[in-house]
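Trainee: Listed below are the residues making up each chain.
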Amino acid sequence: MASVTGKRKADLKVVILGAANVGKTTYIHRYIEGKFQQKISTIGASFSLKQWGPYNIALWDTAGEERFTGLSSFYCRSAGAAILAYDLIDEDSFHSLRARFLPLLQAAEPNCLVVVIGMKQDLLTVDNRAVEQKEALMLAKEVNKRTLDKIPYYEASSVSGHNVENVFEYIFQTCLPQEAKNLDGLHVSDLTLEEKAQTGKSCSC
Amino acid sequence: MSVRAFDLVPAIERAQLISDKAKTEITCIECCGKNLYIGTGDCLIIHYIIEEKIGSNGKIHLVSEKQGYRHLALKKPVSQLKAASALNRILVLCDNMLVLLNMFDLEPILSGTRIKNVVSFCLNENPIKSNPFSIEICVSLKKKCLQIYKVTEDKMTLIRDVSTTDIPITMCIDGTFICTALPTQYYIINYVTGGVQDLFPYDSNHVRPIITRITREEFLLSAPGALGMFASASGTSQRPPLQWSENLVSVIYSHPYCLALNDEFITVHSILDQQQKQSIPFQGGQHLGEFDGKIFVASAQDIYALIPIPVEKQIQALLVDKRVKEALDLAQVATKTGIDKEKFLKMYQRIQLQAGFIEFSEMNFDEAQKLFRSGRLDVREMIAIYPHLLATSSRFVKCLPPLHDIADIVQLCRGEEDRIIEYKRFLISYLEEIHGTRHTLGAHMEIDTALVKLYAELKPDELPILVASDCACDVGDCIPYLEKHNRHHMLALLHSSHGDHDRALGIWTKLIKTEMEDESFPGVAFMVEYLTHINNSEMVWKYADFLLEKDQLLGVKIFIDRSSSPAQSEDELPSDQVVDYLSRYPVAVVKYLEHLVFECKSEVEKYHTHLSVLYLDSVIRLMKDTNTQKEELDKARSELCRMLQTSSHYRIQLILGKVTELELYPECAILYGKLEEHDKALGILVHKLRDFDAAENYCIVNAKDRDLNFRKRLFQVLLSIYLDPNNERRDSFVAPAVALLNNNKADFDMIKVLQVIPDHWSIGLLSRFLTSSVRKATNRYRMTHIQRMLARGENLQLKSEHIELLRDGLKMTDDKLCAVCGERFSEVTFVRYPNGIMTHTSCAPNKYICPVTGKLFSATQGTALPSVDHNHDAR
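Protein chains in written order, with this note's numbering: chain R, 1 to 205; chain U, 206 to 1080.
Here chain R stands alone, though its shape is the one from the complex:
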């Protein structure tokens, strides 16, 4: 997936952060490829490009391991949206969000949208939830400076695909200028069609 991006600058940079082994890469993979895959751990970072309507979106997948924390901050630079991921059944992974990853977001855009996602929802049983939903919601509420219609908190599963597509859709719709799309709608419309088609293609492969 990774390829030279130099030719066209991405319109939106989305970065996913979180402790090691919470399922960040798998989550991205689920979105891009549409299937679940157990992946080896990410070294440094990896990168995917996504077409959304007329927009180019760069998805940066960071390494969760502590030794890469310094680098992750670098990868957060000028991110328009960030996903803070934690493991629903691992309390430490949630606490590390505040401790390690929240500070990294200072490098991101000032108005960065932060979405908190509890991963591995499919493994959740009646009594193994490690983090109260309330706490997660609170975190999601306080990290976003901009006013939002709803608190950006989701519980997702890359195995079932639950809350994968729609979370990204929500991010893009919130961060990318919709009105601009409408303003030069006439100008863009045919292009949109074409590029949407491309999007579909990349999904099905």
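Think of the hints as simulated: they come from the structure by calculation, not from any bench. Heads up, none of these hints are tricks.
Taking lysine-lysine and the DSBU-like style, the derived pairs with C-alpha atoms no more than 35 Å apart in a straight line are:
id, chain 1, residue 1, chain 2, residue 2
1, U, Lys-258, U, Lys-518
2, U, Lys-811, U, Lys-893
3, U, Lys-863, U, Lys-885
4, U, Lys-334, R, Lys-9
5, U, Lys-629, R, Lys-35
6, U, Lys-840, U, Lys-917
7, U, Lys-548, R, Lys-9
8, U, Lys-530, R, Lys-35
9, U, Lys-355, R, Lys-9
10, U, Lys-1052, U, Lys-1016
11, U, Lys-893, U, Lys-829
12, R, Lys-9, U, Lys-551
13, U, Lys-575, R, Lys-9
14, U, Lys-499, R, Lys-9
15, R, Lys-9, U, Lys-546
16, R, Lys-9, U, Lys-518
17, U, Lys-796, U, Lys-909
18, U, Lys-629, U, Lys-664
19, U, Lys-885, U, Lys-796
20, U, Lys-811, U, Lys-829
21, U, Lys-355, U, Lys-334
22, R, Lys-35, U, Lys-575
23, U, Lys-603, U, Lys-530
24, U, Lys-271, U, Lys-321
25, U, Lys-893, U, Lys-863
26, U, Lys-885, U, Lys-806
27, U, Lys-840, U, Lys-893
28, U, Lys-527, R, Lys-35
29, U, Lys-546, U, Lys-518
30, U, Lys-840, U, Lys-950
31, U, Lys-893, U, Lys-950
32, U, Lys-879, U, Lys-893
33, R, Lys-9, U, Lys-530
34, U, Lys-755, U, Lys-718
35, R, Lys-9, U, Lys-527
Listed next, the stretches of chain R that the computed footprint assigns to chain U, with coverage defined by at least 3 CB atoms under 8 Å from CB atoms of chain U:
id, region
36, 45-51
37, 64-77
Among the chain U residues that face chain R by a calculated CB cut under 10 Å, a handful are:
id, residue
38, Leu-404
39, Ala-428
40, Gly-433
Idealized CB from N, CA, C, for every residue including glycine.
With chain R's structure known, arrange chain U on it following the hints.
Mentor: Leaving out everything else, chain U in the frame of chain R:
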């Protein structure tokens, strides 16, 4: 996963160095054109000329020659060298002192300012203001600052000073951006605006900071965890990091590869997919340098060159390993390496085709198809892989060097039938897709030939469409294939579409004779149809016999439908000739004559007579045959009767003679009727056949379209036959006679009837006839009377109108002018139309149309007639 992107070739070996001083140790290298400079640990700078030579085995080896050396007398190792060829200078960093030397004789430039306390320096390869007589360098100083200098032949001028929080260990400059490593953090500094962008932290105790320029405003940095991080001037990354090994000492970039050196290996990564491509073992490596495309690597004692393997060779190697995607990616970036566009396109297409054949051999048909299409495959390359599919007449020769190493499909599939068929299906779909597009240019014949062969084997349903369309295949080459798969019918069609009707018809003949089999052949009717429309009478004569023998009814259609199809000129197959020809086939000839007589309405006596005779013959034959069913005979006779009745062009006497002989009375009656010998005809009907209904019917039929008198006479004849006083059995005819008289359809002249009716008949017997006759007469009388009165009334009306028109006088005076020409009336006669328009007689060309208003006065309306008046004088 490995590619050989570079070859390690020895450049200057230990022996050459040692000859100078035993302890000499290389601390830095620099190359500029053919000049190679070596800085040593004992403060020496040695100058070599080094040249690439291509050996007899095609391999590159390097030849070097020592030019001179200089001892700087600083007793410290030379830590950095940089040549500036435009200035003929070489910059030397030794003992934290930056000095300028002459490039060739290595003499110090005394006027040039020295810069002290220098940690390191670097050249700006992409300065904003480029001046050929100066270069821009960036220098890091121990006093925690970076300085930009302009260097000319004899001077180093300070341009800019940027202070930093710590000593910059190393840096790299591009445009106005300096990427630098302080002991704990990487930064990007814009020396014009002073803007500082921090990148990421690292620990200089664990990671040796290395900065390499990749492209404009993009740098590659060594990062913790043995990562190579890409960073752009804006402080972001646009490529995922490279995974390196530990303890790197040097990194260079040679598009599209990053080479990293540690003390054991040189590793090569591609920036395209961030994967490691090659690993070259190299013990004790200390310096790696890229100098305008030349790459040198040095250990403490030896210098080697890394010779890039040409991109094409690399791609070929990748293709050999079937790493298609990597090969294509590499090919794509090759454009950037300066091949001109056309040459590149050619190369790229060829690579696509090679890649296509690799995918093809892996049965990845979708990918193969895409590659073939974008690589503009000469489809014959592919056809040629399939045994026997390429037309033998094709002048195609395989591309050299070959695009693939596939011998043929059978070998590729190891003879597995299923896979061979799958390959064939792929070829079909590929050919179908390009069929008729511009990709077929020049290969039309080969494509069609291959398709015919493939269809014959796998998709017989498609064959007719292909054959029917403008199929350009090599027929001779296709014959064995079609025969092998029993597609004889298609072969025939193919012959036919190539104008070889004889062979086509020959095949169909064999098919009908079941000497060959092909279930797609529709049968005799098809061949008949074909012959009907063929524009070649020779073929018709040749094959008609065969078909007529097979089926006369179908066979004769050739001639019947032929004459009705407008494309055939009539004289090509003259009817006479056809009739003669068909005389051997009784059924066929009858059909043909029927067609001529009934459908074409031919009036040629010969055909009518012939047909009548044939009908008669068949009746005779049936009569002679004792086993004949009655229905059959009746049918034959009714056909004969119909013929005799409807036609009037046959020779009546000829038929009559035969018919009388055979005592075929109804036929006789018809014939007599034709001869207008109605008494004879009716005589036969009444006396011989005693069929009174037929007799009455005869009168009605024959009186049709004739006047009433003839009708009356005809019925009178019949009546007189019934009432013939000379007939002994006349009593038996009383009933039919009365029936005839009472028949409403019959018409009689009553007086004549009364004259022939025997006196002894009772009034009762005749009452009905008489009443109806009287009624008819009365009716006629009254009708006539009414008509007369109506005519008279009309006559009176017209007279009255005429008088009305003439009653009013018309005064013609001098001042009255002709309505057409405007002249006065000078003659006595003039024309006046009913609407009052008056003109000269010469000005009124049509007396029914008013010349002024154009109004039409109907000729039937007496009132509308214009009057030409002589009675009024012009005075």
